[in-house]
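> The listed protein sequences correspond, in order, to chains A and B.
Count along the first sequence from 1, then add 1268; that gives the number in this note's numbering.
Count along the second sequence from 1, then add 57; that gives the number in this note's numbering.
Treat the hints as calculated values from the structure; they're not laboratory data.
Keep in mind that a hint or two might mislead.
Unchecked claim - Covered stretches of chain A (chain B as the covering partner; in silico rule of three or more C-beta atoms under 8 angstroms from a C-beta of chain B):
(1) 1299–1309
(2) 1315–1328
(3) 1457–1471
(4) 1517–1526
By construction, the Cβ of each residue, glycine as well, lies at the ideal position given by its N, Cα and C atoms.
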Amino acid sequence: MVRTLYGSRIRAQLSYRASFAADAGSQALLSIIEFLELWVILGHVDTFGGLTLVQVMVVFGLASAAFAIADLAFGEIDGLSTYIRSGKLETLLVRPVPLLLQISSLDLSLRRLGRFVVGIAMYITALVLAGFDPTPATMVLAILAPVIGGGIFSALFVMAGALQFWLIDGREFANAFTYGGNYVAQNPAAVFALPMRALFTFVIPASLVAYAPTLVLLDLPGPMLVPTWAGWLGLPVALLAWMLALLLWRAGVRRYTGAGG
Amino acid sequence: MPAYGTLAAATFRQYSTYRVATAAGVFTNSVFGLIRVSILLAALDASGQEIGGYTALQAATYVWLGQALLAPIEAFGTRTIGERVRTGEIAVDLLRPAPLLAVHLAQKVGRAGFLLLGRGLPPLLVGVLVTGLALPESPWSYPLGILSVALAILVSFLADAIVNLSAFWLVEMRGFQTLYMVVMNLLSGFLIPITWFPSWLESLARITPFPSMVQTPIDALSGRITPAEALVGIGLQILWAGILALVAQAMVRAGTRSLEVQGG
Chain A
1269 MVRTLYGSRI RAQLSYRASF AADAGSQALL SIIEFLELWV ILGHVDTFGG
1319 LTLVQVMVVF GLASAAFAIA DLAFGEIDGL STYIRSGKLE TLLVRPVPLL
1369 LQISSLDLSL RRLGRFVVGI AMYITALVLA GFDPTPATMV LAILAPVIGG
1419 GIFSALFVMA GALQFWLIDG REFANAFTYG GNYVAQNPAA VFALPMRALF
1469 TFVIPASLVA YAPTLVLLDL PGPMLVPTWA GWLGLPVALL AWMLALLLWR
1519 AGVRRYTGAG G
Chain B
58 MPAYGTLAAA TFRQYSTYRV ATAAGVFTNS VFGLIRVSIL LAALDASGQE
108 IGGYTALQAA TYVWLGQALL APIEAFGTRT IGERVRTGEI AVDLLRPAPL
158 LAVHLAQKVG RAGFLLLGRG LPPLLVGVLV TGLALPESPW SYPLGILSVA
208 LAILVSFLAD AIVNLSAFWL VEMRGFQTLY MVVMNLLSGF LIPITWFPSW
258 LESLARITPF PSMVQTPIDA LSGRITPAEA LVGIGLQILW AGILALVAQA
308 MVRAGTRSLE VQGG
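Using the sequences provided together with the hints, build the complete structure.
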């Protein structure tokens, strides 16, 4: 069933080749322009948050790739409040398919692959340039890190979606943590003051997505609150975040009473 | 003429009813403000000196004023006109006894009025509490800054209208709009002051209307540039407003002629 749902959406989008190419291309360009911010800063300083330009590129590339995976699979959950308000959610609820799976597959936007491609290319190139010297364990981490990061961001998206059952008009509130989390994850966590670093490590695990794994991969010392070994915490944190997200999602769906359509 | 005033007032009231949305927006604006302040301050700290003529306090002020302007200039773009072209509803708008752009401008004035108060002032307050704000030395910076903010809203309204009007030819303008938004965020100096750019990128930014939307009003209002320099910036804003208005008007005219609404 999962294959049918996603397969039909993927085929539908690939059938408009020109439009798909343009969309994916502009998404790719988008993430390059996003990187210019860090590139401009590193034109003025030698190290930013203790990292050189190439090391920052590892963090940025990894975070972008991870966010792109989550955005691809769950990004459209951001629009859940429109479903709730218009009463469209009822039509989804009566179908014998889990709601989360429907929403995820309904609006799967393959154009976001453009962003993933740029992120992963930057991640791999920068890793090589930064002199990544793999051991079996760090090689596994390097390969799994984008997926684990994608898992963490996906959990954040699902939590943000679940919150909309309560907030409805306040959907932008959750953006502070999803898109804000992405923004934080793209930067070395050492640039943030302690309270912010704590918030975006222990509550919203953004600095565990890219910065902490980068410390492990490049064998760098971590700042206060984010020691190097935190780079190994991604997987357990992603699993924990998903458990919380699913609980919150279930509570949200149970709370939903319909828009009276 | 009174019709436009009514329209503006109605839009102001319409927006002021979404209190929860406003509070959520303010919260998100402020969190992003904190992230951006951290990044700029870390850069200044690492360099140990001013970058592009900004001290730490000025950089923080720059971020908070930018966060305050974000909603009023609608930096993430609007979709109303473009969507109405795509669905064909624009045909009804074109039949109304008032020019299309004037109607939308009147609504924009009402909207911007609310967004300045509801979404603009709170981030500044957060800025005062967290980092403090750099205040201008000359009293002239205040009236010039306010004028510059008003012009920035006008310039970004017109540029956004042009993006939307492209729907007359593109029909689906989403890709173009996203691209515009990213370029605008960068070249307007919203993410990083354009004086921080390498010189080729700064020169590139300066020949576009984008700095008139963010960099100019912030510099004028924060007093980072002298009132005389602010006047030059305001002159440029007026020039860009004129050029963009002519382009937008021409697009409405050409688009109306080529418009084909299907169904009926």
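> Now, for every hint given, state plainly whether the structure supports it.
For each hint, the structure was consulted:
Under the rule that three or more residues need a Cβ within less than 8 angstroms of chain B, the assignment of the region 1299–1309 of chain A holds, with 6 such residues. Only residues whose C-beta sits within less than 8 angstroms of a C-beta in chain B count toward coverage, and the region 1315–1328 of chain A has 3 of them, enough to reach three; the restraint holds. Counting residues of the region 1457–1471 of chain A whose beta carbon lies closer than 8 angstroms to any beta carbon of chain B gives 5, which reaches the threshold of three, so the coverage claim holds. Residues of the region 1517–1526 of chain A with a Cβ under 8 angstroms from some Cβ of chain B number 0, which does not satisfy the need for three, so the listed coverage is violated.
The structure shown violates just one earlier hint, number 4.
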